[in-house]
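2 protein chains.
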Amino acid sequence: MELWKISLDKYNTNDNKKYETLFTLANGNRGLRGALEFSSKGNRGNYIAGIFDKSQSQVTEIVNLQDPLGFNIYIEDEKVDIDECDLYSFKRELDMHNGVLQMKFIATTKKGKSVEIKCERFVSRNKTSRWAAKYEITPLNFDGKVFIENYIDGSVTNSTWDVMNKTKHFKVKNIYDSNPGIALTIETNDNNIKSIELTTLMGENNKGNIFKNRRYSEFGEVVSEVYETFMSEGKTETIVKYGISISDKDIRSDLIAEGTKELKDFIKEGYEAEVEAHSNIWRKIWDEIDIKIQGDEKAQIGIRFNLFQLSASAYAGDTTVSIAAKGLHGEGYKGHVFWDTEVFMLPFFIYTRPDVAKALLMYRYNTLNGARENAAITGYKGARFAWEAADDGLEVTPKWGVDYDGNAVRIWTGDEEYHINSDIAFGIVEYYRATNDKEFLVNYGIEILLDTAKFWQSRVEYNKGNDRYEISSVIGPDEFHEHVDNNVFTNYLAKWNIEKALFFKEWLKTEDNVNYKVLCSKLGLNEEDFNMWETMTEKMYIPMSEDGMIIEQFEGYFDLEDIEIEEYDENEMPVWPDFKGNKLGETQLLKQADVAQLMIMLPEEFSEAVKKANYEYYEKRTMHKSSLSPSMYSIMGLAVGDRHNAYKYFMKAIYTDLEDNQGNTDFGLHAAAAGGSWQSAIFGFVGLRVNKEGVLNINPWLPEQWEGLSFNINWKSSRIGISISKDKIEVDSTCEATVIIYDKSYLISDKKQLVVAR
Amino acid sequence: MELWKISLDKYNTNDNKKYETLFTLANGNRGLRGALEFSSKGNRGNYIAGIFDKSQSQVTEIVNLQDPLGFNIYIEDEKVDIDECDLYSFKRELDMHNGVLQMKFIATTKKGKSVEIKCERFVSRNKTSRWAAKYEITPLNFDGKVFIENYIDGSVTNSTWDVMNKTKHFKVKNIYDSNPGIALTIETNDNNIKSIELTTLMGENNKGNIFKNRRYSEFGEVVSEVYETFMSEGKTETIVKYGISISDKDIRSDLIAEGTKELKDFIKEGYEAEVEAHSNIWRKIWDEIDIKIQGDEKAQIGIRFNLFQLSASAYAGDTTVSIAAKGLHGEGYKGHVFWDTEVFMLPFFIYTRPDVAKALLMYRYNTLNGARENAAITGYKGARFAWEAADDGLEVTPKWGVDYDGNAVRIWTGDEEYHINSDIAFGIVEYYRATNDKEFLVNYGIEILLDTAKFWQSRVEYNKGNDRYEISSVIGPDEFHEHVDNNVFTNYLAKWNIEKALFFKEWLKTEDNVNYKVLCSKLGLNEEDFNMWETMTEKMYIPMSEDGMIIEQFEGYFDLEDIEIEEYDENEMPVWPDFKGNKLGETQLLKQADVAQLMIMLPEEFSEAVKKANYEYYEKRTMHKSSLSPSMYSIMGLAVGDRHNAYKYFMKAIYTDLEDNQGNTDFGLHAAAAGGSWQSAIFGFVGLRVNKEGVLNINPWLPEQWEGLSFNINWKSSRIGISISKDKIEVDSTCEATVIIYDKSYLISDKKQLVVAR
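Chains A and B supply the protein sequences, listed in that same order.
Count along the first sequence from 1, then add 1489; that gives the number in this note's numbering.
Count along the second sequence from 1, then add 1489; that gives the number in this note's numbering.
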């Protein structure tokens, strides 16, 4: 059971922000940071996916909404403030199996009153507007009056920790002494989106209602209700806080009427029924997503944390939102969506929860107009997806940031990191390849493939002297090097993007000719364009070493000062070598996988020898300054037979947040690292990949201490279970399927387990 | 110099509230609790005298207004929060001589940045709308960006510590990016009184303005401006925060226009000029109020604290406000005015700052209509002053409170503590006796004396059987006994009140006959009434012991269980004796001086023998459960020759707040104890009193360790300086005056010092 729990046994105020992130409860629609009710320290956060606002901040950002968590216990005239009490038996636990956050502690106030408090909280996956908390309160050495305050705080801002960027994105619109409970609605400044929080308390024991009096108050932007009760030594009283959170983001509605009805229904159905329905859903999700690791408890808990929080960040119910770089777990990167989604997180969803993967891709389809506007604004054609996107797909990358030394620096990624377009095309093709979802491809996917290809058509530059197509002044995944020409990751994927557009347009022409014609008409594409695309794919410039073995990351990269990493710290992470007076961009040092990233995304496109040569070259030059890098190198290493770093990088990836090894877990989940963790296990250790012919391959290698690894994936119309132990591999499938194991092909029959010796 | 300072050398978050009270800066018009800018813990308070509101609270209360103190320093991305930094060299000091609050400390942030911060703050007595703070900031081990945030917080409520009574008394009306600075106006809920706070920062060094950027923000009920600057190791930068606080309580005005103009003027004149003008005024006030004690530093500092904070609570500029029981220092007793003002505080002002005493009495005159309404509502005639009064004189005593055990109890003081009427009459007569201010007496004082007498006329009950006037069902100063009949303090002072009304009405008839007639007409009084009054004074029932020596506190008191105090704690304060199963009100135990109080107020009315007998009887039955009691018993003890408790009681009185010996300094100053401290020194040790013939007497006795005591008083048109040392008494006077010293009469000539041997 402990293998399902993230625990905190020692309270330290300074860790509050970190645990708010780790203990966030999210259901895809909204995220509620795991704030501790009884401390005022931290950065509380309540986000609804897709509610963005700019106001006077530099760029549009996810709105930190009114906080519904407010809950205070007063023992007579003393507030139970965890930072001012003596604490005993403190424990917080995230029960990932059931999706419930638990806490208990004994606090002794300054006047010597001791009380045991147990709480649990959940944000429902059953009805996404519902959340609740249950408090069990036991006086340990007194009888007396206890006051319970329930409040909603509308004084919330974004970026509370950053005084020059702190912004309030909404106005408190209405405050209600609703019946039941209290409610507070807000309206965002720019788009006038309204959201409501309604909450109330119910306290009952075997004699009925335990509350004697209620006092309702409005304090400016705060609404409060206080209940008076009498508690007796040794007697536990249970109080349930019911909450409803809805917005009119999608449907304009009478929030207070609807919310009041929903709150009444929730109370009627009761806490226990809802938490049970909620946990059932989580347990079903676990059947789809779990990776069981035998013989390594630390790895087991760690991987589950990543799968849990990544799954919590999305659901199939909303096709207008995607997963932010920091999930629904914090305000880092402003709640923006990056290539992180398609390249790092999407594979997990494609292979475990394809309906969610589809919803994520639909976000890109639903923001295509924004992408078209981005292209038009910057002088190009087709669709140019934003490097950072929010609600409408328009580019929202900040133009200015702060470097390691606190100096203002111009951020060029929004101008130059074009590869996002191909990354999205990659996601579409990967999704279709694994799911065979023709409906998606026909109605949405191909339109994106064609319009991104059209963008590349307008973006590439023809070099007459060399008779080749080039893309100059870009940034690749390795952001240490800006304004580079012919970054291979960019060029190769642009070429690939166009190839896939050509391939699927041909396919569509046959499959659904009417749709094909409508689409060509809509996008203004004709045979002339397609001929041009053919030429471009043939003549795209891919810089290489003279022997044709090593891809040159970008044109001129090999001419830079060649500095190799020679020292590694106690965690075996690279130590900065001496730059010899050069600027970072003047060296061959990389921030993260770039050429390697390409080979991980398209393994079927490169020979084993080329992959190995490039891995060996670039691995010694990569500083892993992105949380995305270690997991990718572990996959690549395993693919080329270098196993020595695989486990270390895997553990580093899965403990990115749990051990806060980037130092910024306070600001949200490293959602891409979470996706990378899944990839590292499945694409890395299991060696799962799809070959050129579209057949599933596995090629497992497990770390010495692992006794077994098992998981399920969706593949086309099948659900395939794979279990790897020291001496054998067991595979079953709901439908007939072909799987190549260690280069040998097996046909798995429906409901018959295949066992292959290792 | 240290004898002028209250110092705190060790920071403890838990003491913040207490020091907010002790370090309050007030100028009679407004009080700003001494909150520490760099801590979020405490109960900040900003009060303007006379701004009251009820809203949903139980009774009308002083409004805790928007907080203008907001000031944060961010070293790069770290806020200097004193509760989260390592602290060195911490010191706060209240410089009472200059009326300036100072602080300095060195803080080291979590990231290891050390900074020295020095601040001083004042609330101007020169222009009461002005306040300012000066910050000197020195980076000790870094160069870097520093952000300074200035903000005004409109999210303030009253009773933040009391969840069932927490109330917000205003709405935030407007928020301004004013030029200069920021501003926030509020409007009270009931009476729509508006007030504005405007503040801004100025940072200059020898190169000019040190600020690089400014960011203005509105966060709901908070307005903020942040300035960016760069600071260098070892280099001190000075930042001044200028503030303007005005309300339209008295004059409706365009607050933002007026405030902006005032803020500009203030900046133009500058911090140094204003603090100098302010300190000059304080030093002049000290010339009037100081009591110098040689040979006892603790007593010297202690008495000065009381004189300082009492003087800070009032000024002559507003005749519509009085001093609340807790000064302008906190929300205890809701900012209400009690008998505390006239009986405990007023003598200090009468003898040191008679113009302020007059303003305080004018508050009673200006709320006479409220007093008349109180009488009418309760079925009486004339004026019935409220036991607790706020802005309009109407009775605002809460009807319900909480006893020692936290149970709800009905509070009867507002219904039964009638003696407040005579206490105010006493203040008027005492003021006139010392000042000879005929203008006040003719135009205001006599009207109060007559209308309170008229109240008594309607209140007393004629007992036909005994042919006497009685007053049944009252509460005297000793609140342990409720619903008692013929409390002597009440009856005696009612009689005295009527006598004084008769005396001064006769005086007025001669002095200003027109005014006399107008007044009789206005108040509906005629000779029949006056005859009735004569009879009442003759036949007022004063219960006595059979031998006529001991006054019976109230009818039947001697029949109660007679329990004497037998044990005293380590502070020589009474230990509760065994009640033997009785309720407190069924015993002879007293909360505070009652019969003794009467004899202190009217010493000339009782013989030495009677005073001594009563002192001896009641002292052993008095629990001193009011902060007013010890100082009174020290005076009474000295008057009857019992010196053994005098010093102990005096020190207890003057350290009421400094040592928080009532345990509630958090909620405000014990203003009556402050007044009692002055009385204890002057009426007690100096033995100053006015005899029946109206001649000033002194009869000094000093504690052994005191080498000398000196002070000044105003007496009629003279200013008399008195200096007492071990072997002599020196007296001088600005005009000719008669003073009786140790029962011998001296005529002091103008400008010639009288020396009398001891």
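It should be emphasised that the hints constitute simulated quantities derived from the structure, not laboratory data.
Fair warning: there could be bad hints in the mix.
Pairwise CB distance ranges (calculated) [unchecked claim]:
1. A:Q1545 / B:D1632: 43 to 49 Å
2. B:Y2057 / A:F1719: 34 to 40 Å
3. A:A1897 / B:T1597: 24 to 30 Å
4. A:K2028 / B:Y1705: 52 to 58 Å
So these bits of chain A aren't anywhere near chain B, every CB distance computed over 12 Å [to be verified]:
5. D1642
6. V1645
7. W1985
8. E2044
9. E2225
Quick caveat, the model's predicted, so the values are computed rather than measured.
Note that the Cβ used here is the ideal one computed from N, Cα and C, for glycine as well.
Each hint, compared with the structure:
1. A hinted range of 43 to 49 Å for the beta carbons of Q1545 (chain A) and D1632 (chain B) is inconsistent with their spacing of about 29 Å.
2. Taken as a hint, the range 34 to 40 Å holds for the pair Y2057 (chain B) and F1719 (chain A), whose Cβ atoms sit roughly 37 Å apart.
3. Separation of A1897 (chain A) from T1597 (chain B) is about 27 Å and conforms to the stated range, judged on CB atoms against 24 to 30 Å.
4. K2028 (chain A) and Y1705 (chain B) have their C-beta atoms about 55 Å apart, which keeps the hinted 52 to 58 Å range intact.
5. Consistency note on D1642 (chain A): stated as away from chain B, yet its beta-carbon is not over 12 Å from all of that chain's, at 10 Å minimum.
6. Listed as outside the interface, V1645 (chain A) is inconsistent with that label: its C-beta sits roughly 8 Å from the nearest C-beta of chain B, within the 12 Å cut-off.
7. For W1985 (chain A), the condition that its CB be more than 12 Å from all CB atoms of chain B holds, with the nearest at approximately 41 Å.
8. For E2044 (chain A), the requirement that its beta carbon stay farther than 12 Å from each beta carbon of chain B is met, with the minimum near 38 Å.
9. Listed as outside the interface, E2225 (chain A) is consistent with that label: its C-beta sits roughly 58 Å from the nearest C-beta of chain B, beyond the 12 Å cut-off.
Hint compliance for this structure: hints 1, 5, 6 are broken, all remaining hints hold.
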